[in-house]
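Q: Residues per chain are reported as follows:
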Amino acid sequence: MAIIINEKTNVIVQGITGNQGRFHTCQMLAYGTKIVGGVSPGKGGQEVEGIPVYDTVYEAVDNQQVDASVLFIPAPFAKDAAFEAITAGVKVLVIVTEHIPVHDEMDIVELACRKGTTVVGPNTFGIVSSGKCKIGIPPNQFFVEGPIGVVARSGTLTYEIVGNLTANGLGQSTVVGLGGDRVVGLSFVDVLEKFEKDPQTRAVVLVGEIGGNAEEEASLYIKKMTKPVVAYIAGKSAPPGKRMGHAGAIIERGKGTFNGKVEALQAAGAKVATLPFEVPELIRQILK
Amino acid sequence: MAIIINEKTNVIVQGITGNQGRFHTCQMLAYGTKIVGGVSPGKGGQEVEGIPVYDTVYEAVDNQQVDASVLFIPAPFAKDAAFEAITAGVKVLVIVTEHIPVHDEMDIVELACRKGTTVVGPNTFGIVSSGKCKIGIPPNQFFVEGPIGVVARSGTLTYEIVGNLTANGLGQSTVVGLGGDRVVGLSFVDVLEKFEKDPQTRAVVLVGEIGGNAEEEASLYIKKMTKPVVAYIAGKSAPPGKRMGHAGAIIERGKGTFNGKVEALQAAGAKVATLPFEVPELIRQILK
Amino acid sequence: MKLFEYMGKEIFSSYGITVPRGRMADNSQDAANIAREIGGTVVVKSQILAGKRGKGGGIKFASSPEEAGEAAAQVLAMTLNGHKVEKVLVEEKIQIDKELYLAITVDGSAKKPVIIASAQGGMDIEEVPDEHIVKQYVDVSIGVYPYLGREISRQLGLTGSIGKEFNRLLPILYKIFREKDAELVEINPLVISGDKLIAADSKMTVDDDALFRQKAVPYVEDRTSIEKQAHDLGLAFVELGGDIAVMANGAGMSMGSLDTLAYYGGKPANFLDAGGGTGVEGTTKAIELLLQTNPKVIFINIFGGITRCDDVANALVQVKNAREIPVPVVIRLVGTNEEAGVRILKENGFEAYKVMHEAAAKAVEIANAS
Amino acid sequence: MKLFEYMGKEIFSSYGITVPRGRMADNSQDAANIAREIGGTVVVKSQILAGKRGKGGGIKFASSPEEAGEAAAQVLAMTLNGHKVEKVLVEEKIQIDKELYLAITVDGSAKKPVIIASAQGGMDIEEVPDEHIVKQYVDVSIGVYPYLGREISRQLGLTGSIGKEFNRLLPILYKIFREKDAELVEINPLVISGDKLIAADSKMTVDDDALFRQKAVPYVEDRTSIEKQAHDLGLAFVELGGDIAVMANGAGMSMGSLDTLAYYGGKPANFLDAGGGTGVEGTTKAIELLLQTNPKVIFINIFGGITRCDDVANALVQVKNAREIPVPVVIRLVGTNEEAGVRILKENGFEAYKVMHEAAAKAVEIANAS
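Protein chains in written order, with this note's numbering: chain A, 13 to 300; chain B, 13 to 300; chain C, 17 to 386; chain D, 17 to 386.
Errors might be hidden in some of the hints.
Said to hold, decoys possible - Just a few of them, taken from the derived set where beta-carbon distance is under 10 Å, the chain A residues facing chain D:
hint : residue
1    : V73
2    : R126
3    : P151
4    : T168
5    : A246
6    : R265
7    : P288
By construction, these hints were calculated from the structure, which means they are not laboratory data.
All of these numbers come straight from a predicted model, not from anything done at the bench.
Every residue gets a Cβ at the ideal spot worked out from N, C-alpha and C, and that includes glycine.
Go ahead and model the full structure; you've got the sequences and the hints to work with.
A: Structure representation (structure tokens):
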């Protein structure tokens with residue numbers, strides 16, 4: 013098992029003929045992802061890495077079973093591409109693109125919710141069901157199969173933590189990048205609920221950061237979970253009013269502070285690591 | 013039984029303090045309709061015929077169980093009022109108003125479909141579950157309880173036919189006015205499906221007219237029905253390209269003709285009356 | 017409300033759709049001047065609210081200002097499909113590499129807008145085989161985005177810069193359709209001209225019910241004199257040319273009345289839906305309209321719901337007292353306040369029928385006998 | 017991107033929201049002239065990208081042109097909350113019967129817009145008790161219609177013409193919020209003045225990521241010089257004032273780096289997210305930025321995913337060869353092409369750490385020792 017995607021997931025790549033799309037198609041194929049097609053308007057009929065390219069998502073779904081799509085589309089055109097995938101009936105949409113206008117993100121998330129499409133991102137590294145399927149951009153080598161579910165708002169920090177887990181013999185069921193923007197498709201709770209139900213997952217690592225109240229909301233659910241949760245929250249030393257790279261990572265009007273999040277998580281029974289490298293050890297203690 | 017509405021349906025009247033709203037509130041109460049409130053912005057706190065008036069539909073649903081709403085709202089404001097009712101969670105919406113712009117009608121029907129609201133109309137006389145509940149404007153005296161379901165696109169012609177039925181001892185389960193506009197909430201098929209399942213209904217009268225292809229679509233379903241259908245189609249003598257009062261009643265580009273409809277209905281097994289007065293006799297023959 | 021071709025093109029152009037260069041003229045001299053300004057060969061197109069102008073000679077090419085003036089003079093003298101030509105559009109002649117069809121209209125059955133496109137433009141879309149027509153419904157809560165353009169242009173086989181131009185044009189056309197409360201926007205032909213897409217014609221119908229909020233759209237009158245009077249009174253009226261003037265309440269009832277008359281061999285002069293709840297004054301005016309059609313008989317068919325029978329009776333009496341009614345009146349009157357209505361009629365020398373088809377049969381008998 | 021009050025008001029006014037009459041001045045003489053035009057008592061308001069101007073003396077009343085000129089001179093000499101005042105808005109003083117609060121912003125948790133309104137305006141909304149705040153989420157597929165205004169004005173207790181005006185205003189404010197890609201539009205106070213609703217202040221933040229399509233919105237620079245350089249390079253950079261210059265790839269990783277430094281007692285000079293997949297050139301420029309903060313030590317923390325370790329190493333060597341690096345560099349380098357990267361570093365006299373917190377501890381040690 014795993015959540016959201018697995019070894020049977022048929023994936024298309026929107027923007028497959030661009031530099032990013034081409035490079036990561038290669039990487040995903042190397043990881044074992046079942047990529048069944050690419051979409052690039054005006055490039056239909058070509059092939060990329062042996063994968064057929066279609067002009068539109070509609071054409072792709074007419075020709076292939078498509079379960080998921082990943083977008084390598086520049087921000088100004090991402091909403092259009094996302095709407096195309098959603099209205100064409102794609103059920104999992106991974107939006108790697110960063111700097112999508114927040115109003116476009118609200119529109120995407122609203123339509124996806126209405127049509128029953130799961131949106132991973134925007135501004136995410138993607139999602140990996142380790143050993144089965146990778147949709148997105150994280151480096152292949154750190155993701156190995158195992159019992160730990162990981163859900164995170166940031167990218168490289170997650171690789172760091174996943175790398176540490178793997179180095180300590182702790183593989184992952186699924187690693188989900190929610191995305192660094194203020195409005196993203198999945199919330200921590202959405203993913204925690206799935207991990208709670210997933211037989212493969214024995215413990216969950218939550219990688220949060222300052223800003224918003226996603227971690228506080230997650231805490232309410234963690235309280236009810238049977239599976240243990242270890243958390244790390246980035247941004248302890250960040251000053252209020254400054255955006256730390258991510259649109260969501262900003263302490264405004266005294267809300268979304270590090271302390272508030274840590275207190276909520278601890279009150280819910282989660283262990284909170286002070287530094288990223290402590291995560292595997294905390295997991296080990298719990299799973300013993 | 014009956015369809016869509018019955019003696020337990022709690023109704024509010026949007027536009028209750030206007031002339032039309034006030035008059036028909038009176039008439040509906042006289043028929044026995046359970047009217048629990050009225051809505052009229054700025055008139056909250058007043059009473060009309062002993063019925064409490066609220067400023068907004070939201071306020072009404074906060075204070076009452078509301079199952080249905082009927083709109084006596086001028087066309088330019090009807091979409092706003094309909095959206096208010098739909099978003100407030102009202103599940104049956106009767107829109108009497110005529111001359112609503114067709115783009116507004118498309119918007120209303122789309123939102124209603126999405127939110128699970130049944131829209132009767134626009135430009136309808138309403139709906140009557142005879143002897144139980146009347147929502148709309150038809151004259152009370154002709155509607156008596158019985159085994160005949162009636163579904164119609166036009167108003168007075170339906171009173172004529174219902175009057176004939178009643179005069180011939182044939183009461184009605186429910187009489188539904190779909191509305192005379194090109195875009196309306198319910199189609200013949202939607203209503204026929206409900207009559208087919210309704211234990212009270214033994215036969216159905218379909219009152220159609222030229223224009224559109226609602227009757228042709230109905231025929232496809234009538235073919236599968238176990239209950240008999242008698243139809244009357246108005247507009248046999250209407251010339252192409254002219255709107256016969258209703259926005260939908262126009263033969264354009266050779267589509268929606270009288271003959272096409274009659275042939276489709278007859279091929280589906282429906283009896284088609286040549287003149288309105290023949291309807292009760294055809295029903296009698298079938299039910300014998 | 018139908019718009020003239022040039023009006024639709026003005027709207028298209030203001031939204032960024034390319035149309036041929038051109039201007040309106042209502043006389044030969046202006047037409048020649050416009051042709052001179054444009055230069056080269058021009059097209060002189062009659063502006064009427066009907067199609068198939070080309071077959072009737074309503075579209076002429078002219079290779080000089082003088083020829084354009086002559087062509088305009090000829091076209092301005094024409095009556096095409098019953099429409100008197102009062103204006104012509106003088107336009108540059110564009111290079112035509114291929115003609116497409118594109119329209120957006122309201123689909124009453126689907127209850128949403130539908131985009132209809134074809135790579136076989138230039139002819140009536142009804143004549144294009146189904147397999148060459150691309151249909152795409154639009155969810156009004158989403159609207160039309162470029163992706164829909166890409167999918168349709170793929171199906172039409174449009175590629176390269178023409179494909180891109182189509183994808184740009186489609187959302188614009190939808191915007192016009194929505195913002196102008198159109199029932200139909202049609203570009204036929206949509207011409208591929210080099211690397212451009214040009215709207216060589218325009219057909220646009222604006223929802224009558226939305227005119228109250230479409231003040232910027234020019235008003236086009238397409239009603240006969242009586243129809244216009246009826247419209248101003250808030251009545252639905254259509255001239256039909258027969259000899260039995262008809263009034264009923266409700267559109268379906270009015271149609272049913274016509275059908276019943278026709279069944280008995282009668283020829284209705286008109287359709288008139290007096291509406292529900294029309295009082296004495298409105299009914300009086302409606303009856304006066306009927307008299308303008310110079311009928312042999314007047315047939316009034318009232319099933320009183322909101323409409324009160326006594327109001328109708330009083331209206332008829334009022335007309336009778338105000339002026340002579342030169343033809344027989346057959347009236348069927350049942351429903352709300354029926355007794356009072358029938359009594360008033362009797363007191364004033366009118367007989368009232370109870371049953372619709374009997375009254376209709378009587379009206380036909382009178383008309384056909386006289 | 018935050019807009020100045022007067023910019024927001026210009027936008028409000030262009031959409032039909034009533035704002036006080038007034039104009040901008042950047043000197044005393046102009047301010048006096050504007051006051052003369054307006055007549056009566058005026059308000060001279062400092063234009064800075066921060067709130068609480070009143071408390072700092074940044075808002076002054078003046079009952080004559082001369083007083084207005086003086087007030088402007090005073091305000092233009094001020095620095096409020098760290099912001100130098102460069103312009104003032106001179107406005108008519110409006111009659112205040114009651115102050116409301118109205119804002120629309122993005123709710124990241126609900127993933128949709130939220131309307132926030134209160135009958136207790138004029139103060140910071142954070143200070144208004146929850147029970148006096150009306151919150152209404154907006155479905156973006158529907159938008160804001162008058163009915164939502166009616167419901168909110170009912171909850172606010174607004175009636176009569178003021179209620180109607182509020183119902184008119186709310187959809188307009190939402191239109192601005194959507195059309196201008198705003199993250200926040202706030203009117204505080206929204207003043208009831210007789211039978212009018214007047215936006216006496218405006219706060220508006222436009223989404224940085226949408227500026228590419230908001231060409232009509234004035235550009236407002238609110239970055240420090242280094243932050244601006246970083247922004248032009250496409251890097252996320254925040255000055256923090258400490259002595260350890262930090263570069264990492266990824267926002268979370270960068271925050272984690274700061275936290276780890278802080279954990280060991282270090283003071284970061286900045287936040288710098290070099291992003292993923294930045295090549296040699298970008299990394300070179302990022303390192304040069306770091307040097308501008310005059311740090312005691314540079315801490316580079318790279319977990320190479322898309323980012324290649326050899327690129328980072330080469331960039332560091334390139335900077336070293338192009339100019340002297342006057343402070344020690346502590347670098348942690350793991351991931352893609354790690355071996356090559358570490359080798360390049362060694363060859364050029366840099367040591368590479370494998371473990372993040374060990375490297376961070378070392379950087380802090382150096383900074384605190386020097």
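Q: Quick one: which hint numbers does this structure break? Sort them smallest to largest.
A: Hint check: 1 fails alone, others pass.
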